[in-house]
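Participant: The primary structure of each chain is shown beneath.
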Amino acid sequence: MKKHLLRITSNTEIARNIFEMKLTGSGVSLMTAPGQFLHVSVGKDSSNLLRRPLSICDVDLDREEATLLYRAQGDGTKQLSQKNNGEMVDVLGPLGNGFNLDTVDQNKNALLIGGGIGVPPLYYLGKQLKSSGVQVTFILGYQSKEDSFYVEKFQEIGETIVTTVDGSQGQKGFVTDAMEPCLEDEPVIYSVGPGVMLKAVEERAGGLDGYLSLEERMGCGIGACFACVCPTETRQSGYVKICSDGPVFKMGEVVL
Amino acid sequence: MKKHLLRITSNTEIARNIFEMKLTGSGVSLMTAPGQFLHVSVGKDSSNLLRRPLSICDVDLDREEATLLYRAQGDGTKQLSQKNNGEMVDVLGPLGNGFNLDTVDQNKNALLIGGGIGVPPLYYLGKQLKSSGVQVTFILGYQSKEDSFYVEKFQEIGETIVTTVDGSQGQKGFVTDAMEPCLEDEPVIYSVGPGVMLKAVEERAGGLDGYLSLEERMGCGIGACFACVCPTETRQSGYVKICSDGPVFKMGEVVL
Amino acid sequence: MSRLSVSLPGLNMKNPILPASGCFGFGKEYAKWYDLSLLGGITIKAATLEGRFGNPTPRVAETESGMLNAIGLQNPGVINILENELPALEPYNIPILANIAGSTEEEYIEVTRQISASPLVSAVELNISCPNVKEGGIQFGTHYKSAADLTRQVKQVSEKPVYVKLSPNVSNIVEMAQAVEAAGADGLSMINTLIGMKLDWRTGKPILANKTGGLSGPAIKPVAIRMIYEVSQKVSLPIIGMGGVSTAEDVLEMMSAGASAVAVGTANFVNPYVCPEIIEKLPDLLDEIGVRNISEMTGRSFRQWKTPLSSR
Amino acid sequence: MSRLSVSLPGLNMKNPILPASGCFGFGKEYAKWYDLSLLGGITIKAATLEGRFGNPTPRVAETESGMLNAIGLQNPGVINILENELPALEPYNIPILANIAGSTEEEYIEVTRQISASPLVSAVELNISCPNVKEGGIQFGTHYKSAADLTRQVKQVSEKPVYVKLSPNVSNIVEMAQAVEAAGADGLSMINTLIGMKLDWRTGKPILANKTGGLSGPAIKPVAIRMIYEVSQKVSLPIIGMGGVSTAEDVLEMMSAGASAVAVGTANFVNPYVCPEIIEKLPDLLDEIGVRNISEMTGRSFRQWKTPLSSR
Ligand SMILES: Cc1cc2nc3c(=O)[nH]c(=O)nc-3n(C[C@H](O)[C@H](O)[C@H](O)COP(=O)(O)OP(=O)(O)OC[C@H]3O[C@@H](n4cnc5c(N)ncnc54)[C@H](O)[C@@H]3O)c2cc1C
Ligand SMILES: Cc1cc2nc3c(=O)[nH]c(=O)nc-3n(C[C@H](O)[C@H](O)[C@H](O)COP(=O)(O)OP(=O)(O)OC[C@H]3O[C@@H](n4cnc5c(N)ncnc54)[C@H](O)[C@@H]3O)c2cc1C
Ligand SMILES: Cc1cc2nc3c(=O)[nH]c(=O)nc-3n(C[C@H](O)[C@H](O)[C@H](O)COP(=O)(O)O)c2cc1C
Ligand SMILES: Cc1cc2nc3c(=O)[nH]c(=O)nc-3n(C[C@H](O)[C@H](O)[C@H](O)COP(=O)(O)O)c2cc1C
Ligand code: FES
Ligand code: FES
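Protein chains in written order, with the working numbering: chain A, 1 to 256; chain B, 1001 to 1256; chain C, 2001 to 2312; chain D, 3001 to 3312.
In short, the hints are calculated from the structure, not lab data.
The reader is advised that the hints may include incorrect statements.
Residues from chain B shown here face chain C by an in silico Cβ test under 10 Å; the list is partial [unchecked claim]:
1. 1090
2. 1219
3. 1231
Positions of the beta carbon are idealized from the N, C-alpha and C atoms, including for glycine.
All chains should be built: construct the whole structure from the sequences, respecting the hints.
Facilitator: Written as structure tokens, this is what we have:
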């Protein structure tokens, strides 16, 4: 595992408080599995000690460029949003285990469901699934039109259904409200978002195969501090560590 | 009293670890008295809480530009040295009371003695004394040639004697070793430097009139926290606050 | 009554913000920066019976997100304060909380008697938690019995409500708070500084002439929040919270933990305008979370968590 | 013997740096980052008799220059540790300090008996200072008598030297240290975390599910330095210092205060390479101040200040 200094090539606000940051450096070549994350140092000095886990949203291996999308909400992500092109960002990664792509065969469909700031990793995942011949459908949930991002980019990959809580774009409601019709051809489900959303997705999925990417506050990000555990009934230990055993787990594996 | 955001117009290393920083902004117009200082915020966030007191080295009132010279030694001044042109620096000031220029009449001479990083304020002082018709002599003490700075600029104002501890430039020894011959015409003395040096200067001065600028670790910089007191026998309170009563005191006024 | 106003024994404040003792002198220096009548109140620097010079310098050192101080209760003595310092604050017409220290019980009592009699003083703050003096101070603040005894005696002579300022350097802050509550305190101030130290790694010597000093600033805020939270559930006294507060958000965090008013110390050195800036921002934050009156914030955290709350 | 080597009871270390308990798991995660044999030693995560799941999440929160944790002693239990975790550390051939916790005296004793018997364990560290569990932990660490009793009993069964890990959440750290010294401890580890708390100002709710947590990181270093300084002058036990260390300079500061070895905790999360980077830098710093052997640094501060030194 590695620590890298990556150079910012762009860092722009693409929706309300949502930033797209592009980073370049030799470390990018390791970032091949969608669903993995980078543990990003936000401060210049010691007042923001903890790194922020951010999913890899896209990777251009030829240009050695990785894309992160993040919401500038707290202290750390706000600092990140103020960094300029040319500045270096200290990241650990890629960390964790990404989505298992082997489980979809080409004839199957995939349904990718993302809520809010859980949307980013689905982009890299969607691209890879598509290029291996899978037909991909997205359901992307946002608060409102102003909070939505990357919708057109998703549409380039596959059918994209947008839901907003206030109905200002796409369907009014939650991602789960849009799932029903997409389940008919028994797709493999991939979902990223807050815990409550994942739980609802799992319930709606009614036994279909799927993978969920979990979020939790992290310390080390590499499996050493036990900050990010999640109970499971399927493993003897009784828990998994989201940072190193996950963040992606098979549906049903963990207790949400 | 005021807090200003000044813009860096240059920040360059002019000798080993010695930086010259030029700052511009409307606040500069207040910085008319040599010997005053700015209380400079060094960090972007809260890990370096305390401001650093730095003397005003020069002011160009027309261009609204102030010059600071500082040694990048500790955490805070090192951070300062990494700031780029265009960045803003948050300063309080001008703070404290500067040198009393009224006490020298034009026919008198002035002897300005500075040690190490005490040298900077003597530049602005020397310029003002000269322009009011006083003949100015400098004794500037440095560790070695590599640590010396601004010598040519001082020479433009008046005779400049340099001492270095290792003899690599000017006379070998301390500033006090060079004082004797300069005392003949009974100059008014102005001195800035570490406490031990000021004490030695006061002793050598043998009763001549003079002013000393003191250093102490500061909290508030404005007289409220009592961090920077110095005992005195001439005031009823028994102490002075260096930040607000000083940093410049008449020789003999404080107990060094 | 404005939405920012709070009311504590002796302290009717138009907003919950007051500078912390020792970080604001006797006010006159900051009066050069802004109109002090903007403040909810002022805590003045500790008064002792005689004037004190305090500790040798250096008296301050920087630490990560904090600072150490070992001023040593320098002040001109109670008479001088009453004659020369307090009158200057009269025009601002805001409550004044007089911080009191001493080496002996007798000294505390005498200073309280004198200062609490001043019409300019709204309440006294019993500093039994100064870590930077050899006698008095923290020695009273780390033993329940001495703290309670002192409180009782000071209450007997005080003409104004008495806030006891607690030291965080104790094993059980709740017992300490309960002891002074039982002894008759009208309120609590917490926390004073944690005892800390910094050495120069090159020489191995302490930076402070006094060797140890009091740690303040954002670094200690989590300790302050914890202690205020714990104490506020177990006593029924109002708490003036302090320790690392430097933003309006910090103020609301501390009130949620159980404080009824909030004092700002070290942050004044970082930004002399910090108090009025915080006061100005508070209404916006209250709007953001839909709270009408700031006094509703006090103790929100445990009300929501349904923890038994014996206070207020 | 290299210039960085230090020798403490049971711990012959080629340099004074070891990761702190709970911040390094059982080593295997960091083994993916660098060769663990570079370390002076390793402190493993607390072992209890049975496996424990620990507290609900969130378990960590960020504070200014620090963090709060409330892991709650999650671990797979002593048998599992002996069978599955420790053997993986054998190849690195460095001393292992086994951190031990329990809810009752009996549990501490039993865990010590089992773990101290392992040839892979060089010494045990008695964690009587965990603030994040309801039973055991800090309740032993804030009462002199319970701390001393526990130490005495654990010493009776331990086949290895015993370090007692002290809590900073006490009124008098020196008395605590002296109590465990008298009870037979071979060394001290200090400090564990300060108890702290953080609330979300918007909701008023604690960030940690456990509400309170242990404060660690640079914010607490001044408290650690002060306690190590005070204790090292009043006891004759070697001290493993910790609390906010993140640079080689911090290591030398802490040794100057009186530590004989230094543990690094939170800083591992900031930079997984921090321990080897510190170790690499130490010789340069020693050169800079003209010190030949790092062991000479221990207690420099009070040697220079001519304070009576009863230790070492
Ligand atoms: C595996 C993983 C992948 C993620 N991917 C993305 C992404 O691609 N884009 C994105 O915007 N966000 C992502 N998140 C959430 C992101 O980590 C948090 O939004 C971010 O850490 C908040 O930091 P802050 O500085 O804004 O908040 P602060 O409040 O300053 O954060 C304080 C501390 O809390 C932690 N924290 C706060 N909120 C969260 C949260 N929701 N999840 C985890 N830790 C939190 C921070 O990491 C930090 O340690 C991901 C989280 C995980 C676990
Ligand atoms: C009135 C006055 C004028 C000064 N003018 C200049 C100047 O023009 N150029 C210059 O280079 N230096 C000047 N100094 C000294 C300068 O303030 C310190 O060198 C500087 O604060 C050190 O900060 P640091 O970040 O390098 O050190 P750190 O060790 O990171 O500082 C930690 C803390 O200690 C304080 N501190 C450390 N050393 C000193 C010191 N020698 N004097 C006062 N505080 C100290 C810092 O201000 C800070 O609060 C002046 C000092 C005073 C009191
Ligand atoms: C320089 C300085 C001087 C202080 N003097 C006093 C004092 O005289 N009396 C007192 O009760 N507290 C004193 N304190 C403690 C503060 O009032 C406050 O309790 C503490 O600093 C925590 O708040 P903060 O983190 O906002 O500074 C002093 C603190 C500082 C930094
Ligand atoms: C996430 C985390 C888990 C910890 N777990 C333990 C533990 O199991 N046993 C123990 O004695 N100390 C534990 N500690 C305390 C550390 O060992 C150390 O004493 C403390 O964090 C101070 O050092 P630091 O500031 O370098 O982190 C833990 C600390 C952290 C941050
Ligand atoms: S964040 Fe440390 S174990 Fe996952
Ligand atoms: S620095 Fe506060 S009184 Fe001088």
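Participant: Regarding the hint that residue 1219 of chain B lies at the interface with chain C, is the smallest CB-CB distance below 10 Å?
Facilitator: holds (5 Å)
Participant: Against chain C, run the beta carbon of residue 1090 of chain B and see if the smallest gap drops under 10 Å.
Facilitator: Result: holds, 8 Å to nearest chain C Cβ.
Participant: So, as I understand it, the hint says residue 1231 of chain B touches chain C; can you test that by seeing if any CB pair is closer than 10 Å?
Facilitator: holds (7 Å)
Hint compliance for this structure: no hint is broken.
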